[in-house]
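Protein chains in written order, with the numbering used here: chain A, 1 to 180; chain B, 181 to 434.
Hint data in this document are derived by calculation from the structure and do not stem from the laboratory.
Remember, predicted model here, so these are calculated numbers, not experimental data.
The C-beta atom is built at its ideal place from N, Cα and C for all residues, glycine as well.
Among the hints, erroneous ones may be present.
[Unchecked claim] Result set (SDA-like, lysine to any residue): computed pairs, CA atoms no more than 25 Å apart in a straight line: (1) B:Lys247 - A:Ile87; (2) A:Lys71 - B:Asn224; (3) B:Lys398 - B:Asp355; (4) B:Lys245 - A:Gln19; (5) A:Lys6 - B:Leu227; (6) B:Lys247 - A:Leu16; (7) B:Lys245 - A:Ser14.
[What the hints assert, rightly or not] Over 12 Å on every C-beta distance to chain B, these chain A residues come out as not near it, computed from the model: (8) Asp29; (9) Ile87; (10) Glu136; (11) Lys156.
[Claimed, not checked] Interface residues of chain B toward chain A, partial, derived using beta-carbon atoms under 8 Å: (12) Ala233; (13) Asp236; (14) Ala239; (15) Pro241; (16) Gly420.
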Amino acid sequence: MSTNTKYSEQELVSQLLKQNDQAFSYLYDNYSPALFGVINQIISNKEVAADVLQDVFVNIWKKIHLYDDTKGRLFTWMLNIARNAAIDKLRSRPYQDSLKNQPLTENVNTITANSVVNPQQNDIGLKKQVAKLKEEYRVLIDLSYFQGFTHEEISKILNLPLGTVKTRIRSALTQLRTML
Amino acid sequence: MNIQEYISSGIIESYVLGLALPEERAEFEKMCALYPELVEARTNFELSVEKQALEDSVAPPVGSKEKIWSAIQQSATRNPSKIIPMEPRKSRSSGLRWFAAASIILFLLTAYLAYSFYNKNRQLQAKIDRNDSLLNAMTTGDKIMHDPNVMVVNMVGLKGSSSSANVYWDSTSTDVYMVVKNMPKLPSDKQYQLWALIGSKPVDLGLFDPPQSNIILKMKNAQKADAFAITIENRGNTGGPDLGQLQSMGKTKL
Chain A
1 MSTNTKYSEQ
11 ELVSQLLKQN
21 DQAFSYLYDN
31 YSPALFGVIN
41 QIISNKEVAA
51 DVLQDVFVNI
61 WKKIHLYDDT
71 KGRLFTWMLN
81 IARNAAIDKL
91 RSRPYQDSLK
101 NQPLTENVNT
111 ITANSVVNPQ
121 QNDIGLKKQV
131 AKLKEEYRVL
141 IDLSYFQGFT
151 HEEISKILNL
161 PLGTVKTRIR
171 SALTQLRTML
Chain B
181 MNIQEYISSG
191 IIESYVLGLA
201 LPEERAEFEK
211 MCALYPELVE
221 ARTNFELSVE
231 KQALEDSVAP
241 PVGSKEKIWS
251 AIQQSATRNP
261 SKIIPMEPRK
271 SRSSGLRWFA
281 AASIILFLLT
291 AYLAYSFYNK
301 NRQLQAKIDR
311 NDSLLNAMTT
321 GDKIMHDPNV
331 MVVNMVGLKG
341 SSSSANVYWD
351 STSTDVYMVV
361 KNMPKLPSDK
371 QYQLWALIGS
381 KPVDLGLFDP
391 PQSNIILKMK
401 NAQKADAFAI
411 TIENRGNTGG
421 PDLGQLQSMG
431 KTKL
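The following block holds chain A by itself, in its conformation from the complex (with noise of 0.2 Å):
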C-alpha cells in the first residue's frame, strides 16, 4: 500500500469521496505525521496519541462528504478533526485518571498552574512559537488553542471578563501569524 501519484487537494477529495484505497494510502503518507505532530502536541502519550490517530482517520474517511473547499483548504480540515479528537480525549475521564498514576514530570497536559505558566523545555514546533509570546498571550493560547477551554471557561480560570478574553486572544493570533 504506498503510491507515487502527486494529487492537488481537490483529486484527493474526489478519491477519497469514491472510498477506494489507494486514496486511503496517499492520505495517510502524505499527511498522517503532521496530524500526528498536531495530536501530540495536545496529547505527549504516544500509545495514546496512535489511538486519537485512528479515530482522526476514521472521522476524515467517514465525513469527508461534508468537507467544503469554500470554507477552507482540506489540510485546515483534518487539522481540526485533529485537533478537537485530540482536546476530546485529553478531557475524558480514563485520560484524566491516566494521569494521576503518572510522575509529575510527565503531567503537561493537566490545568494546573505549573503547566500554564511555565513553558515546557521540550516544547516544539507550534507550541515553541507560542512559547515566544509574551506571558498573558502565551497563556491564553495554551488554554484555548492546546487545552480546548472556551473563552467562558478561560474567563473563570484567569478571572479576567470575557470581552478581554476574547479581545487578548485575537491580539495574540495575530501576533502568533507573523511568527509563523
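Based on these hints, arrange chain B on the given structure of chain A.
Relative to chain A, chain B alone:
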C-alpha cells in the same frame, strides 16, 4: 469597519485554528463570499499553518497505517450504505464471500440432483407400469391358453396372405381372445376386424390394429361360432365385412 481592518482583526486566525465562536464563523463565511481578498488572506494563513504543521511532523508508530486501514474497513462494514472497498487480502470479508458462494453452489447442486432423481424416478415408475400391464396380459393369456374349456382356433392366411393368429374361445363364458402371430402393418385409415361366422352370417367381434408384441387381445364375446374370420376394413367400420378383403380364417369344428 472596512475589510482591511476585518482581515487584521484576528478573525482569520481564530477561524482557521478553530477558536472562533459559532456566530463569528457564520459571519466570516458570509464575508468570504463577498470579499475575495478575505479568502486570499485566509488561504495564506492556512498555508502557513500547514507549513508549520509539516515542520512539526512526528512519525506515527510503525504499523499504525495497517491498523487504521483495518479500523476504517470495519467501520465501513458496520455502515451498509457506504461502498465497501474491496481488499483482496482481507480474509474476513472474503471468507464470508467464499462461504456464500459455496452455499449457492451447494444449493444449486442439491436442486439439480433432486430434479434429476425425480425425473429418473418418474421414468422408472412409467417403465414399471408398462411392465406390470404386460405381465398382467401375459398372465391372463397363460391362464386362458391352459383352460380346458377354451378352444384354440388356428387362423391361417388365405389367398397368399401371411396373416396368422390364434383365437381362443371359451365356450362356457363366451369370452373371445386373440393372439396375433403375424399381421402385416396397414395404412393408417385401415384396421383389421375379427368376425364370428354362424352358418354364413358374420358377427362383429371387434376391430384391432396389429399389436406391437404378441400379447393377448380381449375381443367381443361370441355365443356361437362355426368359424372365425379376419378382414381388412376402413378404420372404425360399422358395416358388414368386406369379404373380398378376407385375410385369414379358422374353423371351430374340424
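Hint check:
1. B:Lys247 - A:Ile87: Roughly 22 Å between the alpha carbons, so the hint for lysine 247 (chain B) and isoleucine 87 (chain A) holds.
2. A:Lys71 - B:Asn224: 14 Å, holds
3. B:Lys398 - B:Asp355: Holds: lysine 398 (chain B) and aspartate 355 (chain B) sit about 8 Å apart, inside 25 Å.
4. B:Lys245 - A:Gln19: It holds: about 16 Å lies between the C-alpha atoms, which stays within 25 Å.
5. A:Lys6 - B:Leu227: 18 Å, holds
6. B:Lys247 - A:Leu16: 18 Å, holds
7. B:Lys245 - A:Ser14: 21 Å, holds
8. Asp29: 8 Å, violated
9. Ile87: 10 Å, violated
10. Glu136: For glutamate 136 (chain A), whose nearest Cβ neighbour in chain B is about 15 Å away, the distance exceeds 12 Å, so it holds.
11. Lys156: Fine: 17 Å to the nearest Cβ keeps lysine 156 (chain A) off the interface.
12. Ala233: Nearest chain A Cβ about 4 Å off; hint holds.
13. Asp236: Holds, about 3 Å.
14. Ala239: At about 5 Å, which falls below the 8 Å cut-off, the nearest Cβ of chain A leaves the hint on alanine 239 (chain B) intact, so it holds.
15. Pro241: 5 Å, holds
16. Gly420: 94 Å, violated
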